[in-house]
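Asker: Chain by chain, the residues run as shown.
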Amino acid sequence: MMSIVQQLKKDKIAMIGAVIILFLAGIAILAPHITPYDPIELDLENRLSSSDVNHLMGTDNLGRDVLSRVIYGARISLSMATVVVVIVMLLGIAMGTIAGYLGGIIDGTIMRVVDVLLAFPNIILALVIAGILGPSLTNVMIALSAIWWVGYARIIRGSVLSVKEKEFVEAARAMGCSDTHIAIRHILPNVLSPVIVLATLDMGHIILSIAALSFLGLGAQPPIPEWGTMLNEGRPFMETAPHLMIFPGLMIMVVVLAFNFLGDGLRDALDPRMKEVMMK
Amino acid sequence: MIKFIARRLMIAVVVMLGVSLISFSLVFFAPGNPAEVIIRAEIGEEPTLEEIEFFFQEHGLKAPFFTQCAQWLYMITHGDLGTSFRTEEPVLVEFIDRFPATLELAVAAMFIAILISIPLGILAAMKQNSVLDHGSRFVALWGVSMPNFWLGLLLILFFSVRLDLFPCFGYGGIEYLILPAITLGTGMTASLMRLMRASMLEVLRQDYIRTARAKGLMERVVIWKHGFKNALIPVVTVMGMQVGHLLAGAVIVETIFAWPGVGKFLVDGIYARDYPVIQGFILIIALFFVLSNLAVDILYTYLDPRIRYDVKKGMK
Chain A
0 MMSIVQQLKK DKIAMIGAVI ILFLAGIAIL APHITPYDPI ELDLENRLSS SDVNHLMGTD
60 NLGRDVLSRV IYGARISLSM ATVVVVIVML LGIAMGTIAG YLGGIIDGTI MRVVDVLLAF
120 PNIILALVIA GILGPSLTNV MIALSAIWWV GYARIIRGSV LSVKEKEFVE AARAMGCSDT
180 HIAIRHILPN VLSPVIVLAT LDMGHIILSI AALSFLGLGA QPPIPEWGTM LNEGRPFMET
240 APHLMIFPGL MIMVVVLAFN FLGDGLRDAL DPRMKEVMMK
Chain B
0 MIKFIARRLM IAVVVMLGVS LISFSLVFFA PGNPAEVIIR AEIGEEPTLE EIEFFFQEHG
60 LKAPFFTQCA QWLYMITHGD LGTSFRTEEP VLVEFIDRFP ATLELAVAAM FIAILISIPL
120 GILAAMKQNS VLDHGSRFVA LWGVSMPNFW LGLLLILFFS VRLDLFPCFG YGGIEYLILP
180 AITLGTGMTA SLMRLMRASM LEVLRQDYIR TARAKGLMER VVIWKHGFKN ALIPVVTVMG
240 MQVGHLLAGA VIVETIFAWP GVGKFLVDGI YARDYPVIQG FILIIALFFV LSNLAVDILY
300 TYLDPRIRYD VKKGMK
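In order, the protein sequences belong to chains A and B. As numbered in numbering that gives the first Met the number 0, residues 0 to 279 make up the first sequence, in order. As numbered in numbering that gives the first Met the number 0, residues 0 to 315 make up the second sequence, in order.
What the hints contain is simulated information worked out from the structure, not anything from laboratory work. Glycine is no exception: its CB is placed at the ideal position from the N, C-alpha and C atoms. It cannot be assumed that every hint is accurate.
Said to hold, decoys possible - DSBU-like, lysine-lysine: derived pairs with alpha carbons at most 30 Å apart:
hint, chain 1, residue 1, chain 2, residue 2
1, B, LYS228, B, LYS126
2, B, LYS126, A, LYS9
3, A, LYS163, B, LYS2
4, B, LYS228, A, LYS11
As the list claims (entries may be wrong) - If you anchor each label on the Cβ, the simulated ranges turn out as follows:
hint, chain 1, residue 1, chain 2, residue 2, range
5, A, ILE104, B, TYR299, 26 to 32 Å
6, A, MET14, B, VAL13, 29 to 35 Å
7, A, ASP178, B, GLU88, 53 to 59 Å
8, B, LEU162, A, LYS9, 49 to 55 Å
9, A, LYS9, B, LEU72, 53 to 59 Å
10, A, GLU164, B, ALA62, 49 to 55 Å
11, A, LEU43, B, TYR270, 26 to 32 Å
12, B, LEU102, A, ILE3, 41 to 47 Å
13, B, LEU72, A, SER50, 56 to 62 Å
14, A, MET14, B, ILE297, 38 to 44 Å
Work out the full structure: start from the sequences and follow the hints.
Answerer: So, in structure tokens, the structure goes:
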């Protein structure tokens, strides 16, 4: 584990990603203390003003301070995405371990469900589920959690299958350990590294999906300062107030980019074959 | 080989069965009431209870789950995907009417992606660890991180609103196609570029490349005749797998640019709770996805005999 961190430190792009994520997490946590204005309070006398000293990112069509809304947006996106990633990781790990460890009919059933869910492009199924459940942030999270676990289940199952036959597992079984004990104490720790990479990359993808669904009007509803919702709200004012579109979009891009930078670096650090290529 | 194809076909059939079950259940258990939304749109006022009752009767929405599900399975296996609540046209007809527009957009996006990603990927591999290589990694990560809805809006802002070069939205000649195609193609460009680079690096390490160089071939010949062709195999297969992702991206891009394709119709169907359209469209989209993956799988084994089912089992 230590060598991975050291290797990551050498990867400039990954470090840039990590720094950006820490910074955004910081402003997300401190949002109520650092935002200059209330994110949803209207100020109808100051509508659609562009950047100035009072409003660094200008104001929107209802006079709300864009900077404050963008900062609160970080809070929403990061916390929602974290919740979704944790849910899909736990669900995926549980399903993958059960399938890989028990095998047989249970394995077959779980894997067919995985195949079926993989037959839909992610965003389309999420779109349909969110649309059918009705537009809200919670429903977007339910929709994304319901489909996103399959990638984890697949990876975990594959790793469990290969680890299952190793000698240390056999030794544990000979010592009389229970199945649950073996799965949790001996198998899981050995299959976690690809999951960490996937989860890092998925943080970005999930933030992107939440924003996309909100942009289509199926996620967060006004006046919630979610970035995708803000883009949707700002769209009619594109000509007169382009800043309403620039800043929220920029934030989405920066966050996703940061997670991709870090995830990419993590993958290189954890995959010995890539290391070999880099050494050459 | 035949056994392998038969097995894959079997799995595809099972998957499609599951897909149709999911498409059906999603709508069956949906909380909203389509009758209200649709009748309100038709007559412009709140529907009475009788009107809602009549709508349910007319569309056969009163039967229990298994009856409706069996009916739906019977219908779809006979090529009948139901009738749109909104347009009263068969869903299949609606799909076929709109598919050419989506295809046009997807092909244009793929064209852009191939045109940019393949040469840049090869260059990055040939000059590994150069400024160009690091730059390409940065650009590729930027490309996959760019929200396509935002990119679309920015393109409209600069090229339509500010510079007035292209129309903001709509469907027509090539001037209407360019901005949506760039929006849809950017993500694919980025991922294909990285893949082309990785694949080229892998091939350039092979013994036959060393042999080619050792016998004194020009570097240009080594790269193009021996390297490029072999490096292209995985890229082509991934392109096949990307078809489904293009369709998914098209949903958002079509909505932004008011492109009259399959994706926009699906989103409008979701807003209007047009259940037969939602069911039918996701079924067809999933079918495309399953078939393109199947084709890729078979093509892959055909192109590279070293890869057989057993090897693939462990892969994602």
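Asker: Hint by hint, say whether it matches the structure.
Answerer: Hint check results:
| no. | hint | in the structure |
| --- | --- | --- |
| 1 | B:LYS228 - B:LYS126 | holds, 18 Å |
| 2 | B:LYS126 - A:LYS9 | holds, 21 Å |
| 3 | A:LYS163 - B:LYS2 | holds, 28 Å |
| 4 | B:LYS228 - A:LYS11 | violated, 33 Å |
| 5 | A:ILE104 - B:TYR299: 26 to 32 Å | holds, 29 Å |
| 6 | A:MET14 - B:VAL13: 29 to 35 Å | violated, 46 Å |
| 7 | A:ASP178 - B:GLU88: 53 to 59 Å | holds, 55 Å |
| 8 | B:LEU162 - A:LYS9: 49 to 55 Å | violated, 43 Å |
| 9 | A:LYS9 - B:LEU72: 53 to 59 Å | holds, 57 Å |
| 10 | A:GLU164 - B:ALA62: 49 to 55 Å | holds, 50 Å |
| 11 | A:LEU43 - B:TYR270: 26 to 32 Å | holds, 29 Å |
| 12 | B:LEU102 - A:ILE3: 41 to 47 Å | holds, 45 Å |
| 13 | B:LEU72 - A:SER50: 56 to 62 Å | holds, 58 Å |
| 14 | A:MET14 - B:ILE297: 38 to 44 Å | holds, 43 Å |
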